[in-house]
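Visitor: Residue numbers (the numbering used here), protein chains in the order written: chain A, 1 to 192; chain B, 1 to 105.
Hints are computed from structural coordinates only; laboratory data are not their basis. Check before you lean on any hint, since a few could be wrong.
Stated by the list, open to error - For lysine to aspartate or glutamate, the following EDC-like pairs were computed, each having C-alpha atoms within a straight-line distance of at most 20 Å: (1) K26(A) with E79(B); (2) K72(A) with D71(B); (3) K32(B) with D91(A); (4) K72(A) with E86(B); (5) K26(A) with E50(B); (6) K73(A) with D77(B); (7) K73(A) with E74(B); (8) K158(A) with D77(B); (9) K21(A) with E79(B); (10) K10(A) with D33(B); (11) K59(B) with E15(A); (12) K157(A) with D53(B); (13) K21(A) with E74(B); (14) K21(A) with D71(B); (15) K90(A) with D83(B); (16) K158(A) with E73(B); (17) K21(A) with E50(B); (18) K72(A) with E104(B); (19) K73(A) with D57(B); (20) K90(A) with E50(B); (21) K72(A) with D81(B); (22) K157(A) with D57(B); (23) K26(A) with E74(B); (24) K146(A) with D81(B); (25) K72(A) with D57(B); (26) K72(A) with E50(B); (27) K59(B) with D33(B); (28) K26(A) with D57(B); (29) K73(A) with D83(B); (30) K26(A) with E86(B); (31) K24(B) with E50(B); (32) K21(A) with D57(B).
Stated by the list, open to error - Away from chain A, derived, C-beta distances all over 10 Å, residues of chain B: (33) R13; (34) K24; (35) A26; (36) Q40; (37) N41; (38) V69; (39) D83; (40) K87.
All residues carry an ideal CB built from backbone N, CA and C; glycine is no exception.
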Amino acid sequence: MVGNDIVDLKQAALESHWQRKGFINKVFTDQEIGYIKKAKHSSFMVWKLWSMKESAYKINVQQYNHRFFNPKKMACRLLDAGQGVVTINKDKYRTHSIVNDRFIYSIATLNNSCNIESEYFEFNNSSYRVQSRTGHSKLIQAISKKLHVKNDVIKIKKSILGVPKLYKNENALSIGCSLTNHGNYGAYVLST
Amino acid sequence: MALETLMDVLFLRKLANRRITMKKEALIAQLKDIVQPYVQNEEALENLTENTDFISDLKINSANLVDVVLDVEEVFDIEIDNDAMEKMLTVKAAMEIISAKLDEK
Numbered sequence: 001m002v003g004n005d006i007v008d009l010k011q012a013a014l015e016s017h018w019q020r021k022g023f024i025n026k027v028f029t030d031q032e033i034g035y036i037k038k039a040k041h042s043s044f045m046v047w048k049l050w051s052m053k054e055s056a057y058k059i060n061v062q063q064y065n066h067r068f069f070n071p072k073k074m075a076c077r078l079l080d081a082g083q084g085v086v087t088i089n090k091d092k093y094r095t096h097s098i099v100n101d102r103f104i105y106s107i108a109t110l111n112n113s114c115n116i117e118s119e120y121f122e123f124n125n126s127s128y129r130v131q132s133r134t135g136h137s138k139l140i141q142a143i144s145k146k147l148h149v150k151n152d153v154i155k156i157k158k159s160i161l162g163v164p165k166l167y168k169n170e171n172a173l174s175i176g177c178s179l180t181n182h183g184n185y186g187a188y189v190l191s192t
Numbered sequence: 001m002a003l004e005t006l007m008d009v010l011f012l013r014k015l016a017n018r019r020i021t022m023k024k025e026a027l028i029a030q031l032k033d034i035v036q037p038y039v040q041n042e043e044a045l046e047n048l049t050e051n052t053d054f055i056s057d058l059k060i061n062s063a064n065l066v067d068v069v070l071d072v073e074e075v076f077d078i079e080i081d082n083d084a085m086e087k088m089l090t091v092k093a094a095m096e097i098i099s100a101k102l103d104e105k
């Protein structure tokens with residue numbers, strides 16, 4: 001199983017004020033607050049930890065079919081600049097993050113043995129509907145290329161919990177996937 | 001029971017129910033004002049009901065859901081602990097949490 005999350009840094013600065021009273025304490029553990037305080041750019045660290053949490057949460061929802069909202073429950077530990085571990089209850093997820101001055105992108109996996117394929121992209125339209133459609137079609141193109149079939153036999157259906165599932169001619173595929181978009185950026189990841 | 005007394009009881013009950021409905025409607029209206037700045041799907045906001053989901057229907061991004069929780073705390077002068085927050089994914093759940101915290105006061 002796989003999960004991903006992208007944060008557009010410009011968009012995050014516009015729409016989220018993590019410095020507001022109460023925010024940090026609702027979202028981050030003591031160890032994470034330590035990372036934020038020590039970081040050269042604290043807002044980069046805030047959104048990196050956030051995207052790690054989100055990407056791990058997306059796997060957790062698939063595992064337990066249960067949604068919840070409690071970012072503090074996903075505890076991050078950093079191994080080096082890109083690698084990390086997120087713990088949610090008893091489960092540990094490995095994360096890999098890409099950080100640049102435009103966006104932060106994290107991918108989480110439950111076990112390291114699966115093959116991961118991912119692509120991120122910049123949108124030229126700000127409507128979430130258009131972005132979501134674009135992300136879907138990029139993922140479909142990647143799958144159809146991989147399976148050597150036409151685009152229109154591959155379908156993405158979302159479960160009640162919002163988890164995307166892949167189908168080929170109405171048959172469920174055993175390829176895990178995750179989609180994300182924020183601000184001007186989007187990405188998909190798939191695991192085989 | 002005399003018929004008149006029974007009528008009185010029924011009338012009072014109706015009045016009480018109406019008061020609860022009004023309270024509920026006022027709470028929904030307050031919540032609607034709180035979430036409005038974070039909503040990406042305006043259409044779903046227009047048709048907001050108890051069953052509306054903050055993330056899947058209103059398309060509020062999850063970082064802004066923290067803002068919704070903090071705004072709710074400020075507006076109602078209550079504290080929402082992380083256990084309560086965990087369930088706060090729908091209008092209905094938010095209303096239950098707010099009512100419970102207000103009753104504790």
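Visitor: Tell me the hint numbers this structure goes against, listed in increasing order.
Guide: Hint check: 3, 5, 6, 7, 8, 10, 16, 17, 18, 19, 20, 24, 25, 26, 28, 32, 36, 37, 38, 39 and 40 fail, others pass.
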